[in-house]
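Taken in order, these protein sequences are the chains called A and B.
Position 37, counted from 1, in the first sequence is what the numbering used here calls 974; the numbers after and before it change by one each time, with no gaps.
Position 221, counted from 1, in the second sequence is what the numbering used here calls 762; the numbers after and before it change by one each time, with no gaps.
Hint data in this document are derived by calculation from the structure and do not stem from the laboratory.
Yeah, the Cβ is synthetic: ideal placement off N, Cα and C, and Gly gets one too.
Any given hint could be a false lead.
[Claimed, not checked] Below 20 Å or equal to it, Euclidean Cα-Cα: the simulated SDA-like pairs (lysine to any residue) are:
(1) B:LYS612 with A:SER965
(2) B:LYS619 with A:ALA1025
(3) B:LYS713 with B:GLU736
[As the list claims (entries may be wrong)] Quick list of the computed label-pair ranges, beta carbon to beta carbon:
(4) A:TYR1127 with B:ASN703: 50 to 56 Å
(5) B:ASN703 with A:HIS1187: 53 to 59 Å
(6) A:LYS1120 with B:ARG643: 36 to 42 Å
(7) B:ALA778 with A:THR1030: 25 to 31 Å
(8) A:GLN1157 with B:ARG643: 29 to 35 Å
(9) B:ALA728 with A:LYS1153: 42 to 48 Å
(10) B:ASN606 with A:GLN1087: 20 to 26 Å
(11) B:GLY651 with A:GLU978: 49 to 55 Å
(12) B:VAL760 with A:ASP1133: 45 to 51 Å
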Amino acid sequence: MKRASGPINAPRGGRRKGGMKKTEAISSRFFGSALPGVKEEDLAGNLFVIEGTDGSGRSTQIALLKEWLELEGFAVETMGLRRSYLVAEDIDTLMAENSITRLTLALMYCTDLYDQLERRILPALRSGLVVLADRYIFTLIARGAVRGIQREYLHGIYELALRPDLTFWLTVGPQAAFDREFKKSHSISYWEAGRDMSLSDDLYQSFVRYQLLVRKEFEQLSLRHGFIEIDGEHPIPVVNRQLRARIAAHLGIRGTRYEPSHALAHLWR
Amino acid sequence: MPKAKEISIAPTNPALGPHRTLRRDYPGALVVVEGTDGSGKSTQLYLLKRWLEIGGFRLHFTEWNSSPLIKSATRRGKQRRLLTPTTFSLLHSADFADRCERQILPLLHGGYLVLADRYIYTAFSRDAARGCAPHWLRNLYSFAPVPDITFYFRAPLDVAVNRIVAGRPKLKYYEAGMDLGLSLDRAESFRIFQERILNNYDQMVQSDHFVLMDGTLPVDKLQKQMRKIVEARIDLARFAPGSEA
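Please construct the entire structure, taking both the sequences and the accompanying hints into account.
Written as structure tokens, this is what we have:
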């Protein structure tokens, strides 16, 4: 919880340093200018982002948070990567082929994110829903940056994205991430091991190196965007309590007592 | 190999930072045509291409929005009208990135003369007409190599619009800018949309060093001008038969 005391979403509108005369208005709910045609005062709901590598427990925590929020009377919408109606399937297809370049892939992911934002998330926020994001632009920026795409370029293409109310970063060491991933699927995914980057012929080495590279990018992003870091190696109920405490404070929920229902009890370990 | 020169990739936007400059460190050359629909640009580029082809020059021709990789997504988005100005723009940029990284850049490095029917200025003028922020578009396409020559074929709005409306049974939804709600009448919507695009093109003439071509001139006369400019500004001998990159 290193950055808990820092500005929650600094730097507001601080995308450009010096020089540039702006013609477009800077908004506080967006990283840069707002998406075309969006009035930010219409956006009543909240956006909470959980970032972290595979094996950090993101999806489990989101399932638990959704149930807790619904018990507290909040309607919840979720988003993630490769979940758009427009291009999710195409990304799957492109990734299965070897022909796609890193830049095209980055732009397809960007399309995927904005399609979800514009067609699902903004309407949800207008209706006052709470949105939980299972990964957000930060993973996409980090992935692109470790593959050599300019960081400022990546920040630039995502500047129309909504600024989250809170961004949590569940940290896990490469060994723990490896153990969890392997336990789950008995293999390591091509992309999570960064195999397109030719880091090592040894899959374990490749995985560890890739995770460390991504982690470095996240450390920079955390400074820039004020992530709330939570140790994802702690037991699930402990991590969940920390998440609930921050979200409850943000939404004005008084008690944060929560026991998962029977349906989710298997996650509470 | 010709001497590399420093060029700015986004001349209208110097504040984008020093990382936006790139070295034109390839032996190839890039000639693009831009202009509104009905400006005559494609006809002129076709004639230029034929002239060079017949002369045996080493060249490659590429078109906007033609990469097979993302065709299905673009088609789905257009057919079902799912595209917003932002996703419309991003899908086209992904398409262009694919063509840029897999065709245009390798060909420029391999010493080809690359002819492009529409280029990033199409996105700048059209997507801005849809409401995308100009600085966002400039950044989005900042990976693109800057052309050696950008021909801008300019025809008055009425001339261009009439050429298109007369020749087509029905204007397509996005083509006519119907997604912007400018008018319920397709022809009228198309006209307003084209006017915006034309204005955006006009604003780039100086900043992006367009070579202005009068689209109302007879085809053969325009083609003569175009060939003369190409010969003057590009060392065609580098692409001639028998020469090696």
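Outcome of range test on Cβ distance (TYR1127 of chain A, ASN703 of chain B; 50 to 56 Å): The hinted range 50 to 56 Å holds for TYR1127 of chain A and ASN703 of chain B, with Cβ atoms some 53 Å apart.
Between the beta carbons of GLY651 of chain B and GLU978 of chain A, is the distance compatible with 49 to 55 Å? With a Cβ separation near 53 Å, GLY651 of chain B and GLU978 of chain A satisfy 49 to 55 Å, so the hint holds.
Quick one: are LYS1120 of chain A and ARG643 of chain B within 36 to 42 Å, going by C-beta? 39 Å, holds
Is the hinted range of 25 to 31 Å satisfied by the C-beta distance from ALA778 of chain B to THR1030 of chain A? Taking Cβ atoms as reference, ALA778 of chain B and THR1030 of chain A lie about 44 Å apart, which means the hint is violated.
20 to 26 Å was suggested as the range; check whether the CB atoms of ASN606 of chain B and GLN1087 of chain A agree with it. 25 Å, holds
A range of 45 to 51 Å was offered for this pair. Does it hold for the Cβ distance of VAL760 of chain B and ASP1133 of chain A? Distance hint for VAL760 of chain B, ASP1133 of chain A holds at roughly 48 Å.
Given the proposed pairing of LYS619 of chain B with ALA1025 of chain A, does the C-alpha separation stay at or below 20 Å? 16 Å, holds
CB of GLN1157 of chain A to CB of ARG643 of chain B, is that within 29 to 35 Å? Roughly 30 Å apart at Cβ, these two residues keep to the hinted range, so it holds.
Starting from LYS713 of chain B, check that the Cα of GLU736 of chain B is at most 20 Å away, please. Satisfied, since the Cα-Cα distance of roughly 17 Å is no more than 20 Å.
Between ALA728 of chain B and LYS1153 of chain A, is the Cβ distance one that fits in 42 to 48 Å? Since the Cβ atoms of ALA728 of chain B and LYS1153 of chain A sit about 55 Å apart, the hinted range of 42 to 48 Å is violated.
Can the restraint linking LYS612 of chain B and SER965 of chain A be considered satisfied, given a maximum Cα separation of 20 Å? Distance of about 36 Å is beyond 20 Å: violated.
So the hint says 53 to 59 Å: do the beta-carbon atoms of ASN703 of chain B and HIS1187 of chain A match that? 58 Å, holds
Checked against the numbered hints given earlier, this structure breaks hints 1, 7, 9; the rest are met.
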